[in-house]
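Chemist: Chain by chain, the residues:
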Amino acid sequence: MRLELWTYPFYVLFHPFKGFWDLKYERMGKLRIAFAILALLTVTFILERQYAGFLVNDNDPRHLNSINELKYLVVPFFLWCVSNWCLTTLMDGEGKFREIVMVTGYSLLPLIVIHLPNILFSNVIILRESAFYYFLNSLAFLWFVWLLFIGTMTVHQFTVAKTLVTMGLTLVVAGIIVFLGLLAFSLVNQIASFVMTIYHELSLRM
Amino acid sequence: MGVSQRMKRMLLALGTLLLLLSPPGPSLAAAPYEGYIYSYWTEATPSPEAYLPARLISGRTLGIGDWNNPQDLYVTRDGHIYVLDSGNSRIVVLDSGWNVVRQITGFTKGGAEERFNLPEGLFVTEQGHLYVADTENRRLVELDEHGRFVREIGAPESEVLKDGFQYFPRKVAVDRAGRIFVVARGVYEGIIELDPDGEFMGFMGTNRVTVDPWEYMWKRLATRAQREQLVRFIPTEFNNLDLDPDGFLYATNQEKNTPRPIQKLNPSGNDVLRREGYGPPRGDLQFAYRGEFSGSSLLIDVDVNDYGVYSVLDSNRGRIFTYNEDGSLLYVFGKIGKQFGTFKSPVALDRVGENIAVLDRDMGQITLFQPTRFGELVNEANRLYSIGQHDASAEVWKEVLKYDANYEMAYVGVGKALLREGKNKEALGYLKLGYDRKYYSKAFERYRKEVLREHFGAIMTGLVALAVGWAVLLAVWKYRKRRLKANAA
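Heads up: the protein sequence lines correspond to chains B and W, in order. To convert, note that position 17 of the first sequence is 17 in the working numbering; the numbers rise steadily by one, no gaps. To convert, note that position 7 of the second sequence is 1007 in the working numbering; the numbers rise steadily by one, no gaps.
Hints are computed from structural coordinates only; laboratory data are not their basis. Mixed in with the good hints, there may be bad ones.
[To be verified] FRET-style restraints, in silico, Cβ to Cβ:
hint, chain 1, residue 1, chain 2, residue 2, range
1, B, Ala184, W, Asp1271, 31 to 41 Å
2, B, Arg128, W, Ala1486, 45 to 55 Å
3, W, Ala1467, B, Ser130, 48 to 58 Å
[Unchecked claim] Here are the computed lysine-lysine pairs in the DSS-like style, where the Cα-Cα straight-line distance is at most 30 Å:
hint, chain 1, residue 1, chain 2, residue 2
4, W, Lys1438, W, Lys1478
5, W, Lys1481, B, Lys30
6, W, Lys1109, B, Lys30
7, W, Lys1481, W, Lys1449
8, W, Lys1425, W, Lys1438
9, B, Lys162, B, Lys30
10, W, Lys1449, W, Lys1398
11, B, Lys18, W, Lys1402
12, W, Lys1398, W, Lys1425
13, B, Lys18, W, Lys1485
14, W, Lys1432, W, Lys1449
15, W, Lys1398, B, Lys18
16, B, Lys96, B, Lys18
17, W, Lys1478, W, Lys1432
18, B, Lys71, B, Lys30
Fair warning: this is a prediction, and the values are worked out from it, not measured in the lab. Every residue gets a Cβ at the ideal spot worked out from N, C-alpha and C, and that includes glycine.
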């Protein structure tokens, strides 16, 4: 793969409008890069939980679990992509599913770019300076939301208002998906236990 | 190979046999309860027992007849112990060797003999004057050091008090200025404060009503009849009090799940208790929500010593929690049970020097607890700290750590002392183990400065080298780009 494609996410960081446009129409985005960013972000968060400075790290080391990062990062990522796709398909969005995944993945980059050096920074600060640490982390989050907003707007060719509504609704849809998932899970559970009961009943009587 | 294998097996069998046949080793005198403490993560963590039961004292062992529902206990500075034997309406005075000095069964008032009627509290001033909360007679009685009647203080009179006010004084304390503090049954306004002449001055330390917004909304929606059915917002009443040498009032209340069951009231009635420990001083932080011995601790007595260490008695699970002046939990001991060292219904506690006496109402006896080596060390470290001998205190904390390496507070104690000595790097390790972020930050600030100063040359060289390297790289990059362009053209 061309080197250009790997440095492209950094271009998107600072030129979101043109960046996401080219990502969609000039085929500058790559799905595998989006996944690489997601994987890297997971690693970043694991590192942060483990190695952030003592003064800003209130995690109980006995309860740290990397699987949690999958639960709180990777699952929501796909949930967002799927629900956004479901919604925008109905709302005349022009984005394909792979474009949505790419945009969401590329938007996550600021979190890595800021959080990773921030881990190092947090180890050399004192309590008074920890405000900077938290400020940088919030900045990273806002940057991420900004990119996601521009990206969604660009790939679906939405207006500003429609994008905002879509993003809000995406969260609602994600909630509905989770609800349906739980419902299906519990139903399957009940069916399974029902089948098991019948099996036991029969095996005891025969 | 085969032989040695068999030998090994035989030796193993022989060893096992010996182990099985040998008599059990001498077991340590185990306490009937488990010592524990709440860690930084507010989890109960095992800790050595700080106090062990030493002896039992009851009316029978003293040869004066069983105590009947004793309600209160007071230990004076010179070691005299006053036991309020309510059911027999007498006061038993013991000397520091636990021998009966005298019994006060009544007093002469204006030529007539009078007795107490189910008194619940007593207090002894430094002059030896005895104040008795003569509950069912609705009065306070002051007796002098010989047990002679001095005065009687009846129900307070004031416009503040509502009509039909029923005065049942339960506990009493008198400060050095002679002001009298009374905890009365059914009084929600706070502790009744009387001036030295017994005139009503006001209420102290009212327990504020906490209103849950959710509950408030429901009440607004409810009809009048429904509202009657709901629990009313009533401030809780205090149930006990103690005075520290500086005149601060320590008071407990028995409300379930209150965040502030212990209050330290300054003269103007504000709660100034420090709550800087890993968890709030409220007894148990982890407990079962249903079943036997469930629910939060119900504190019914408090005792504060000369160096700000105070103990509270939990009537729910029969435990004694001891905190230092910062509100850090030091140790826990005691239990509801039927063994020596456990209680049936503990009602009062007081310190006899470093020993702690706990009065059991239903059993009619006092259990005296003596500090173990661990308990002595913890007390000593706190005493030294409170009088400003921080370095000596740190030495004792180090000793404590030999008994309990999980005693987080001790690490903080040592860490602070190291910080004061300027051993910033060592301090960092200790403060981290004690989870004291504030002092860790202070130590780190100094340590960082130290490192920067020491390696100033190297750091500056590194920075300059980086800058130069960056500039060179940029120049090369530009040059190549220009050449590429020139070639293309």
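Chemist: If you draw a straight line from the CA of lysine 1481 of chain W to the CA of lysine 1449 of chain W, is it 30 Å or shorter?
Modeler: Roughly 44 Å separates the two Cα atoms, so the pair is violated.
Chemist: Hinted pair, alpha-carbon criterion (30 Å max): lysine 18 of chain B, lysine 1402 of chain W. Please report holds or violated.
Modeler: violated, 65 Å
Chemist: If you draw a straight line from the CA of lysine 1109 of chain W to the CA of lysine 30 of chain B, is it 30 Å or shorter?
Modeler: With a Cα-Cα distance of about 100 Å, the restraint between lysine 1109 of chain W and lysine 30 of chain B is violated, given a limit of 30 Å.
Chemist: Quickly compare the C-alpha distance for lysine 1478 of chain W and lysine 1432 of chain W to 30 Å and report which way the hint goes.
Modeler: Measuring from Cα to Cα gives roughly 49 Å; hence the hint is violated.
Chemist: Run the distance test for lysine 96 of chain B versus lysine 18 of chain B: straight-line Cα separation, threshold 30 Å.
Modeler: This hinted pair holds, its Cα atoms lying about 18 Å apart.
Chemist: Take the C-alpha atoms of lysine 162 of chain B and lysine 30 of chain B, compute the straight-line distance between them, and say whether it is at most 30 Å.
Modeler: holds, 26 Å
Chemist: If you check the beta carbons of arginine 128 of chain B and alanine 1486 of chain W, does the distance land in 45 to 55 Å?
Modeler: holds, 54 Å
Chemist: Holds or violated: are the alpha carbons of lysine 1398 of chain W and lysine 18 of chain B at most 30 Å from each other?
Modeler: Measuring from Cα to Cα gives roughly 64 Å; hence the hint is violated.
Chemist: Can the restraint linking lysine 1438 of chain W and lysine 1478 of chain W be considered satisfied, given a maximum Cα separation of 30 Å?
Modeler: This hinted pair is violated, its Cα atoms lying about 49 Å apart.
Chemist: So if I understand the rule, the pair passes when the alpha-carbon distance is 30 Å or less; does lysine 1425 of chain W with lysine 1438 of chain W pass?
Modeler: Measuring from Cα to Cα gives roughly 15 Å; hence the hint holds.
Chemist: Is the hinted pair lysine 18 of chain B and lysine 1485 of chain W satisfied, with a Cα-Cα distance of at most 30 Å?
Modeler: holds, 25 Å
Chemist: Taking the beta carbons of alanine 184 of chain B and aspartate 1271 of chain W, is their distance inside 31 to 41 Å?
Modeler: violated, 53 Å
The structure fails hints 1, 3, 4, 6, 7, 11, 15, 17 (numbered hints given earlier, in ascending order).
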